[in-house]
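What follows is the residue order along each chain.
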Amino acid sequence: MVLLSGQIHADEVNIDVPFELLELVGDVEYGEYLASDCKTCHKADGESGGIPNIYGKSMGELITALYGYREKIIPNPVMQMQAGRLSDEEIAALAAYFEILINWEE
Amino acid sequence: MKLDRRNFIGTSAAIAAAMAAPTVMASGKPRVVVVGGGAGGATAARYIAKDSKGAIDVTLVEPTRNYYTCFFSNLYIGGFRSLDSIGHSYGNLATEYGINVVHDWAVGIDRGSKTVTLAGGATLNYDRLILSPGIDFIDGSVEGWSINAQNKMPHAYKAGSQTELLKAQIEAVPQGGVFAMVAPPNPYRCPPGPYERVSMIAHLLKYHANNPTAKIIVADPKPKFSKMGLFQEGWGSHYSGMIDWIGSEFGGGNVSVDPDAMTVTIDGEVTKVDACNVIPAMKAGRICEIAGITEGNWAPVSGHTMQSRVDENIHVLGDASAQGDMPKSGYSANSQAKVAAMAVRGALTGSKVFPAKFSNTCWSLVHTNDGVKVGATYEATDEKIAKIDGFVSKTGEAADLRKATYQESIGWYSGITADMFG
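Protein sequence lines, in the order shown, are assigned to chains A and B. The letter at position 93 of the first sequence is residue 93 when you use my numbering, and the numbering goes up by one with no holes. Residues are numbered in my numbering as their position in the second sequence, beginning at 1, plus a constant of 106.
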């Protein structure tokens, strides 16, 4: 699995995302608002400097990464802080929004 | 704050109810005027235009055609960035987003008739006005300095020609000469900014100007500053013997300058300097005073919507606002702009409004590949924007982590400027 941190790959750490979180249906409109916070650093057209690309990632990848940061399994203080305030519903909303972006592009 | 869905729906419904009913226009689209094209204003204009999909008429008033970001301007001084790389035009906002970009100064605001007057004489009508003018300086805050002296002793706290001038003056410091900085009192734009600048000036002197025996004196009216331990660690390891920081406990606040004689007097001791950077005390950009929405030096706002506490038809973003716990930074202004854009769209078109969320991170460069950062998340309470959680880099971090932090800041610059200018 590809990860959102430049420092570690998710396949190097073991992230067991709770089934209930993976099952949640996210609110896309809320996800779009929440995603505006991501866009300060993550450019829409891909990777830049030390900030990885998050566009085109699958819902599962995004949920796993955000959960991994929130639970402080994956290092990086900025992302641990950003994900740290996200509820399960908000993680699902973000993942749903980014998934829809992929489908639009296709 | 963690919201479950039930809480979240309750909060957003309450906020939606608290906001004014959608404005019904007799004719034409609702109009938003944004004053100031920096991290707050450019972002707000872009998000309103983008997300309203043409339903709102957006005018952006910004005097400069080529905008230089204050963030990363220290890296230009240090030799890490070109000036061109921190300059941005408004072409995309006009062509891609349909924003009416007006290069002029806003000089008058009539809150009764909801109009903005420009220096060129034109008048703009608004349904909502967004003021994001950044900072101005408080006259007389540094004895002996005024804006008339800004060529002899630049502030370089609005980026562009001032930054170029300061860099050129530092490059001209003779071998073993003296550079002085007069640091500002709280609150001011970019809390770590003066200290990143000290680091970058030391870097410029030591590596680019071939002047490692030059001295840097910092007169500071504060007893401590942002990321102090991290900066002092870096100054000791990279620029040993070059930097003398004089805090308020040692008379750093008792300072006057003589730009004609090129002297700086700190706690009664007169020093001849070869270059001097005076960063005066700050206040909200003057247009906020003209609008009559300031209390003291800043414009108080509600954290829920960034609306002025004085006039609900005006939102104030970024450095000019008094909002609570967020530092005055480009990242903060960009974050606040998204909340304001959502609130303005909600008020003018009835679109959905979610609870305000904010964040900020300030990266600073101390030396080549030696980056540090501090950040926090925030939420809106009725009283203010309140801090939830935060972090700061640690002293003694490994070199590869510091390098990754610097790389991250380069990515952030690229991201935020794309978020501002499209």
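Everything labelled a hint here was simulated from the structure, so no lab data went into it. Among these hints, one or two may not hold up.
What the hints assert, rightly or not - Far from chain A, some chain B residues (derived; all Cβ distances over 10 Å):
1. 187
2. 228
3. 245
4. 346
5. 360
6. 441
7. 465
8. 481
9. 496
10. 510
11. 511
12. 512
13. 521
As the list claims (entries may be wrong) - Below, computed lysine-lysine pairings styled on DSSO-like, alpha-carbon distance capped at 27 Å:
14. A:39 x B:493
15. A:72 x B:493
16. B:458 x A:39
17. B:328 x A:39
18. B:378 x A:39
19. B:378 x A:72
20. B:264 x B:159
21. B:312 x B:378
22. A:72 x B:500
Even glycine gets a Cβ: it sits at the ideal position worked out from N, Cα and C.
- Hint by hint, which ones does this structure get wrong, listed from lowest number up? Hint check: 6, 7, 8, 9, 10, 11, 12, 13, 17, 18, 19 and 20 fail, others pass.
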